[in-house]
Structure formats: C-alpha cells, structure tokens
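Peer 1: One-letter residues, chain by chain:
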Amino acid sequence: MARKTKAAGVEKELRQKPLFGLKRWQYVAINGFLIFHILAICCWCMPFGSPFIAACRDALRPYFVWSGLFQSWDMFSPLPKSANAYMEALVLYKDGSTTIWSFPRMEQLTLTEKYSKERYRKFMESVLDEKNATLWPDVARHVARLPEIRSGGPQKVLLVARWSPVVRQEDGTFARGPWDEHVFYSYDVKPEDLQ
Amino acid sequence: MTAKSFLAAWNEFFFAEQSPIPIALFRVIYGVMVIATLLLMRPDWTEWYGPHAWVSLPTMQGVEPGPRLNLFTVMPGTYFWAQALFWVFLASAACLTIGFLTRVNSVVVYLCLASIQQRNLFILHGGDTFLRVAGFFLIFAPAGAALSVDRLIRIWRGREGAEIRPRRPWAQRMIQFELTLVYFVGFCWKVAGAPWVEGSALSYIYHLDELQRFPVPSWLLNPTILKLATWFTLVLEFALGILIWIKEIRYYLLAIGLFFHLCLEYSLNVPMFQWDVLSAYVLFIDAGDLERVWNRIRERVGRYFGERITVIYDGGSERLRRFANFLGAIDIFGRLSFVDSRDSASQGAARVKGARNELVAETSLGARHGSDALRTVAAAVPLLWPVYVGLGIQKLFKRAASVEAS
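Going line by line, the protein sequences match chains A and B.
Quick note: the first sequence uses this note's numbering, first residue 1, plus one each step.
Quick note: the second sequence uses this note's numbering, first residue 1, plus one each step.
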C-alpha cells in the first residue's frame, strides 16, 4: 500500500516537473553516465572469468586507469595470507663490514607507530611478491641512500625474506611454524646511487 | 516488472528529490577521513612521494604504464613540490570538510588523492581505494547543500532561505552502490577460496603477527569460534552487499555491520580501513531519522548552553531577514527561536517595542538591542563564540577609552 502511494507520488512529481526539473539533454546525459558507470564498475571488479567480461575490461582499462576508478575488493581473499613474513636488508660495506637494516615491523611497534607506519607493512607485502620484482632495485637503492647506511660506504645490498608459515595441526588448531629465510635480491651499489 | 514500472523505480531511486543532509554529513566525515589519512602519512611523506622515494616515478610508470590523473607526472620532482602537494591537499580537505567552495575542493581533493595513490600503488589498502572511488562521485553530489560554509554564504547573500532545499540524489546513490559493491564483491571473492568455505580463513588471519592490534581473549581464538566467525563474515558481506537495499532490515544490518567493523578495528591492524568504509553508512540513514537523532542530541547538549533566546527581527528588512536565517542555520544546538516583529500572529511587535530595523534578543532578563543583542546571541551559539570573544574585547576597549576620556 505504502509502495503504491510512493509510486503514485513519483508519477505525480514527474507530471508536475517533467524529467525532475532537468533539461532533456541533462536527463539523458546523467542517465548515460549512471548506466555506463554501473555496468563498467561491475564488469571491472566482479570476479567473473568469461572472455566477454575480459574483453570489456580491456576496453575499459584506459578510462579506469586514467580516471582512478580502478578498484578491487579482494580483501584477504580468495586465499588469506598464510605465513608471517618480513624483510631485511643486509648491507656489505667497502671495508668488509656488514650491517642489517630492518624495515618497520608492525608487531614491534607501539600503537601510534602502527597507525603511521602501516604503509610499510603493505609495502613489504608487495615487495615480497615475486610479481613485483621490478621494485627490488629501487628498494635496494633506497636502503643504500639512507643516511646511516650511506655514511659507511655501502658496496652491496642484499634483500632478505624471512617467513614462518601458519600451519594447521592434527587437532585442528593453528600454530606458527619455524622461521626460514632466503636472499631474494642482490644489488651492487653504484656511486651515482648515493648522489 | 514492466519497462514502465522499471523506469519509474529507476527515476525514483536516482532522481526523486530528497534532503541533502546525508550526503552533506558524508562530506564532513569523508573530509575528516582524508585529513586523518594525510596526517598519518605525514612523517613518511617524502619517503613515499619525494624525489628519492622508495619507488621512483619511472619505475611506477614502467609497472603501470599509460596516462593517469597524476599530478606527480607534471610537477617538478623536488622536495619542495612534494611538500607543497601535501599542504595544498590538506588545506583543500579542510575546506571540503567545512563545505567551503565545496565543488572546487571536492575536485582538488580527488585530484590529489588520485595522484598520491597513482604515485605508489603498492602501499594502498581497501580503505584508500574506497576513499578514491567515493571521492570521484562526491564531485557530482550536492555535498555543499547543507552543513556547509557555502550554504551560510548563500543565506548571507540572500540566495537561499532557512529551509534546506531537497536535491536529486543520483551521485549519492553511486557512492552507496560502491559501498555495497565492497561487500558483495568481497563476498564473491571469498566464496571462491577454500579457506573461507571450509571456515579456516580467520584462523590464518589471526595468526599473522603483523596484523594483531589489541589482545583478543583466547576463547575467541578457538578454531570452532573462528570457523563460525568466518562463515558469519560471508553471510554479513552478502547481506550488506545485497539485502541492505531492503528498507525494513537496513538499520539492523547497519548496526551489525558497525559492530563487525569495530571488532575488526579492535583486533586487526589495518589503520583507517574500517572508518573509511563506515563513513558511507551515513548515506543509508534516512534524513528524517538523522534529524530526529540530532534533535535528541541538541536537546540534551543544548541545555548546557543556557536558556533559549528569542530573536526578534524586523521581517520588513531584507538585511535582517537574511541575518535571522543565517543565525538559524548556524544555531546547531537550537538555542534560538525567531519572531518576525511584523508578523501579527507572533505578537513580537507587541512584546518588544522598537524592533523596527534592528535585531532584538529577548531573554528572561529582558530585551537587548544592537550589539548587546548580538553578544547575547553569540554567547548561546557555539559557532559564534569567536564573535562573542571579539565583541567582548571591543567592549573592553570602548570602556577603557571612555574612562580615559572622563
């Protein structure tokens, strides 16, 4: 009943103010904008694998990438991260000495530091992903340029990943597994890197 | 459903005019979220966006090629310009929050936000993405139509009356659509993952040291409880993605969603994500309900600001009518009631003689005129307290001058 009354109200409004007070071209333009964006956004972020959707995504890519409308909502999914991992930089100096530089680790920070340094957690997660190997030279260069590293004359920077898998035990509970490590990138520091 | 009824429903959804208060309130909260994000990034701003950032601009452009709305590509790559962008962005976000030059600042905020996100895509979480896409549609929304300095200016200039004019909500609907998409697409991704379906996903997440914030009671980390919580997450994300459009159950879902995000905020270290998403909940609250809630708050809080004041103005004066409208808009705690002295029904003229061409403030202590009236009103309205202080100082100077002269 209430819905009928409301619909009648809208029809009345439409009769009194054709196109809701908009000029015809405005009404058409806004509707075009709405329909395009609703369909395009659905097409962009819905996890459908059909060739048609993939072709639509390719067609939309230039506009979405340019305008900043690209988006993905796959938080902790489909597979949540299943290992504790962090990254360190092992720096070899010209005089033969070494030092380890640690990226901020959330579990070692205070609450306020966690808020302001959280970007490092996300960044480390990205850097540790092999898909983002193009970032590794930049990261190594940045470590070499840090004031406390640069002053010692760095010769080589090794990026080291350390991780411990979260493992399901026989009784159904979960526990942190043993820590493992490996050097995933080595960078020879050039003089121009320290400029 | 016929094509005609679909068109009517479409028109009602996107174009039937409604109060702009929800979108204006969202603008305020959105602005605060952007400011908070910026301030949290402040200590490492040049580490992320400076000329020697962790990821260089050429690397970023190599990873994600193609033209983008990114001010860093047109700005000189110096520390000065990176810092300048921060301050321009912060100032613009503050202006957007208070609703000053709202449309312009919504564009500037979006440009700056898109730029910093495009400059380094490797440090973003879902909350950042939501702020960006919501910011895009906020540009088109009547976000300055209420709760804004822009509205006060329009009232002051006589372009708008005391009533807030309803607006078409199509841009607001797009932000609502984006919020529901966050949940629904999240749900779709999750049901594609075995750990979510079998119920072990949260057990993994709550064993990640980097994500832990405050301690969670051990009984809540029991595998059975975490399994139930994993499935509850799936159900809730589906409900908030789809069922939220059903008006009858909307407030229940919003309440559960609020509780869910507050639990995540307590237990997981993903700063700002929960608040960024929660900011858009206000768009699902009916403007009438928002007003009812606000009226209750103003009744409770307002009594601490002293007795109610009756402002009597000369409705024949365009200037005074505008000023009364301005006071009405700025009186957030409802401490003032207004009487037009020319309105015979109000009997204002009979009560106060001399309310012609001036503003009179009537309290239990009697009527005050001119600058005394303004000072009385300013004392009762929190947003006018700076004026009250200014008038007090002015009075002090006048008194000192008269003592000196005598």
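Hints in this document: simulated from the structure, not taken from any laboratory.
Quick caveat, the model's predicted, so the values are computed rather than measured.
Where a beta carbon is used, it is the ideal one built from N, C-alpha and C, also for glycine.
Be careful, since some hints might not be right.
[To be verified] The following label-pair restraints were derived from C-beta to C-beta distances:
1. 232/B to 131/A: 25 to 35 Å
2. 32/B to 21/A: 31 to 41 Å
3. 297/B to 38/A: 46 to 56 Å
4. 63/A to 61/B: 28 to 38 Å
Peer 1: Has the hinted range 46 to 56 Å been met by the Cβ atoms of residue 297/B and residue 38/A?
Peer 2: At 36 Å between Cβs, range violated.
Peer 1: Given a hinted range of 25 to 35 Å, is it respected by the beta-carbon distance of residue 232/B and residue 131/A?
Peer 2: At 32 Å between Cβs, range holds.
Peer 1: Lying within 31 to 41 Å: is that true of the beta-carbon distance residue 32/B to residue 21/A?
Peer 2: Since residue 32/B and residue 21/A have Cβ atoms about 32 Å apart, the given range 31 to 41 Å holds.
Peer 1: Mind checking the hinted window 28 to 38 Å against the Cβ distance between residue 63/A and residue 61/B?
Peer 2: violated (18 Å)
In terms of the numbered hints stated before, the structure departs from hints 3, 4, listed from lowest to highest.
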